[in-house]
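Once you have looked at the hints, place chain E on chain B.
These protein sequences, in sequence, are chains B and E. Once you know that position 39 of the first sequence is 39 in the numbering used here, the rest is easy, because the numbers rise by one and skip nothing. Once you know that position 92 of the second sequence is 92 in the numbering used here, the rest is easy, because the numbers rise by one and skip nothing.
Among the hints, erroneous ones may be present.
[Claimed, not checked] Some chain E residues well away from chain B (every beta-carbon gap over 10 Å; in silico): (1) H150; (2) P244; (3) S246; (4) D320; (5) L338.
[Said to hold, decoys possible] Lysine to aspartate or glutamate pairs mimicking DMTMM-like chemistry, simulated, CA-CA at most 20 Å apart: (6) K31/B / D316/E; (7) K31/E / E148/B; (8) K24/B / D316/E; (9) K31/E / E109/B; (10) K24/E / E148/B; (11) K24/B / D242/E; (12) K24/E / D320/B; (13) K24/E / D316/B; (14) K24/B / D66/E.
Calculated directly from the structure, the hints in this document are not laboratory data. For glycine and all other residues, C-beta sits at the position ideal for the given N, C-alpha and C.
Number of protein chains: 2
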Amino acid sequence: MSHKIALIGFGTVGQGLCEILLDKEEYLNEKYGFDWQIVAVSDPVKGSVYCPDGLNVSKLLKLASDGISLDKYECKCDKAQARFGWDALKTIRESNADTVCELAFTNVETGQPAIDHCKAAFETGKNIVTSNKGPAAVDFAGMQSLAEKHNVKFMIEGTVVSGTPIINLAGGPLAGCSFSSIKGILNGTTNYILCQMEAGMEYETALQKAQELGYAEADPTGDVEGYDAMAKVIILANVVMDAPISAKEVEREGITGITPAMIAEAKAKQARWKLLGTIEKTTDGIKAAVKPEMVPLSHPLAGIMDATNALTFATDLMGDITIVGAGAGRIETGYSILTDLIAIHRGM
Amino acid sequence: MSHKIALIGFGTVGQGLCEILLDKEEYLNEKYGFDWQIVAVSDPVKGSVYCPDGLNVSKLLKLASDGISLDKYECKCDKAQARFGWDALKTIRESNADTVCELAFTNVETGQPAIDHCKAAFETGKNIVTSNKGPAAVDFAGMQSLAEKHNVKFMIEGTVVSGTPIINLAGGPLAGCSFSSIKGILNGTTNYILCQMEAGMEYETALQKAQELGYAEADPTGDVEGYDAMAKVIILANVVMDAPISAKEVEREGITGITPAMIAEAKAKQARWKLLGTIEKTTDGIKAAVKPEMVPLSHPLAGIMDATNALTFATDLMGDITIVGAGAGRIETGYSILTDLIAIHRGM
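If we strip away everything but chain B, and leave its shape as in the complex, we get (with noise of 0.2 Å):
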């Protein structure tokens, strides 16, 4: 039976999931017998359809890419049972999806709309998948037991480094161990930009040239000021760290403070300024933070340059576990939805 999806969100991410499922559809279904249809998509700006039967996945990219309304969509069901401008929450409880992709626009702070949607899907017996930090960073706890209450997944490998494997990697192959700290580089675009620094550039020009590669948004408080690390902080801590903490208990410190003189003071010590995120079980509880730190060379994360990400768990049976990979892309966000779709599959 077709494992039935519904996609809350028709932007970069579920464009680029939509491409991959395409492009190993055979591979999917001989490898894992992963057999999927899209049965509705969702999206305030590119228009909404629905069909219980399945769309047509080639079409719904080629209409997004032409800049036509996904209204237009024309269904070659022969019941004529096609649904066109439901909303997000409508699409949600009232499609015959097996699983939301819940990609839309969603604010970090308040974490909606994406709670809401989290919880239409849960209510309605649908899985979600996720790549919106929202749900997790704001309410971990409360998505899960609503998840477990009625049976469903509530999957979120995309939140935290795209598709590097994380949250899955710690519950999946690292279950039996526990983690006394987890240390990492979680932004890609400050390291980037801490790696031109280094190589000579101002701040300013670094920044820039981070702007035009599409690494950094036109607004890039989120990512040097530290507040989308000290999301994915969050959310391991909550996740990976059975720690529920919030914002308020995480120490935050973005790279504009960093000078020319503290890069080069760094260099004459054989080290280097990286901004890490890190979570550790101490005496007096858990301690999370995202701040600078001036790394020496002969350390593992000292290495990790430009815009990739790299994860060192410390664990309690097989010592330190480091993971390195690319931390945000459309296929790479693509994917860490499709790892996440495969794993309902195969507990299915």
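Chain E only, in chain B's frame:
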């Protein structure tokens, strides 16, 4: 219902596993509902005991550490069901185990007696978890298809880089990716020796130090001539890249030809010698090799020092994903068995 386990071999790995299981009994039960029983242990030197109602693991460990045969185990079950002196095959065939942990001494070239142990387990409906390279390196396809035929699992995380997740990372969180190459430092002993040589030590002295630390065996051929890494390359090619190759298709060169002059030359070139295992998909088919390579210091694998292992997957969707961790050790290899047991439990 308890997951019933038989241990074939009760050396460092088997004992390490038992220590972890005891230590984590409550954690594994609470967090994953994983409830286990050791029902049998069979070791050609340390003796053999079986009780269908389960054995007391602390008592087993005490006997082993006191050098007393397991045949002297005093079983507390009230039905006098305990059996003593069963060899490996009888234990595998006739015990009530769900899963056999195959941890006996095995010839890597023939894969025996582990291959016969695996066959006996599969044919009697039991899963195999093993850190023995033999079965997977000599006949992965045969083992896998026999396991599938009998609807049981063939789990081998511990065959490559102990409990650092490689097999289960590739088959789990990276399941949606395909790999164009895998490249890694797969042998800790040789990496340690090369690091010591870079620090100024002669090869012979470095080898001796590695032997003193328990990294290298009295006969170091398997490590220093690249046979150990080669077995891992064969397993990775077969398991992770669906490329059925055998030993004769792997180019193999150890580290015994590396001279202080070569080390100095690398240093001058801002590089470092590493013994790398590589598997690449090329237009001419799969190319596999184990050989020393001069790696630029800017390469992520250059920074992997001492006995640490690391592996980079070149993926189609995520770019390079690198994982770094311990490659050996009593608890680390014991953990590789636990991680597979948990995976089987979750799939039950």
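Evaluation of the provided hints:
no. : hint           : result
1   : H150           : holds, 19 Å
2   : P244           : holds, 16 Å
3   : S246           : holds, 23 Å
4   : D320           : violated, 7 Å
5   : L338           : violated, 5 Å
6   : K31/B / D316/E : holds, 16 Å
7   : K31/E / E148/B : holds, 14 Å
8   : K24/B / D316/E : holds, 11 Å
9   : K31/E / E109/B : violated, 30 Å
10  : K24/E / E148/B : violated, 24 Å
11  : K24/B / D242/E : holds, 16 Å
12  : K24/E / D320/B : holds, 19 Å
13  : K24/E / D316/B : holds, 11 Å
14  : K24/B / D66/E  : violated, 56 Å
Checked against the numbered hints above, the structure violates hints 4, 5, 9, 10 and 14; every other hint is satisfied.
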